[in-house]
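Engineer: Using the sequences and the hints given, assemble the complete structure.
Position 68 (the sequence shown) corresponds to 80 in our numbering; numbering is contiguous.
In short, the hints are calculated from the structure, not lab data. As the structure is a computational prediction, the values presented were derived from the model and not from experiment. Don't take every hint at face value.
Distance windows between CB atoms, simulated [said to hold, decoys possible]:
| id | residue 1 | residue 2 | range |
| --- | --- | --- | --- |
| 1 | 153 | 95 | 23 to 29 Å |
| 2 | 67 | 101 | 17 to 23 Å |
| 3 | 112 | 62 | 40 to 46 Å |
| 4 | 73 | 122 | 21 to 27 Å |
| 5 | 42 | 124 | 36 to 42 Å |
| 6 | 107 | 134 | 18 to 24 Å |
| 7 | 82 | 110 | 41 to 47 Å |
A virtual CB, placed ideally from N, CA and C, is assigned to each residue, including glycine.
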Amino acid sequence: MPGQNMSGQEEMVWTNTMTEEASAEPAPPGFWRALRRGFARRCPRCGEAPAFDGYLKVRDHCDHCGEALGSYRADDAPPYFTIFLVGHIVVPLMLWVEKDWMPDLWVHVLLWIPLSLILTFLFLPRIKGAVLGAMVHLGIH
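Structural biologist: Spelled out as structure tokens, the structure:
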């Protein structure tokens, strides 16, 4: 499309001629947004539909945006991150209780094993969702 530059000469100006079909697919969400959506167990791309069918079963596709969630394989990363996080919560608390009160061993067993299990069951699906969100953002299948 012709236009004029500052010296009065005509120059070519190029416009974007992409069709709507080519640009209909939304860009992947930002990294932190995809992570938050995944942590909330929602579709990392749109944030509208649930990403999981059950506790840890990822849906084949998003019911809202159609993202193929089942093609992303989180594998062993979520359990590793969960162990890392739960360990960093429980171990300092355990050391603090031992240092200040020195309870019997049975108190430690009754306190820390259930707390570790509860935290693991709470964090694991959310961390798996966050890993799924990171994979959607990065395009890792």
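Engineer: Please list, smallest to largest, the hint numbers that this structure does not respect.
Structural biologist: 4
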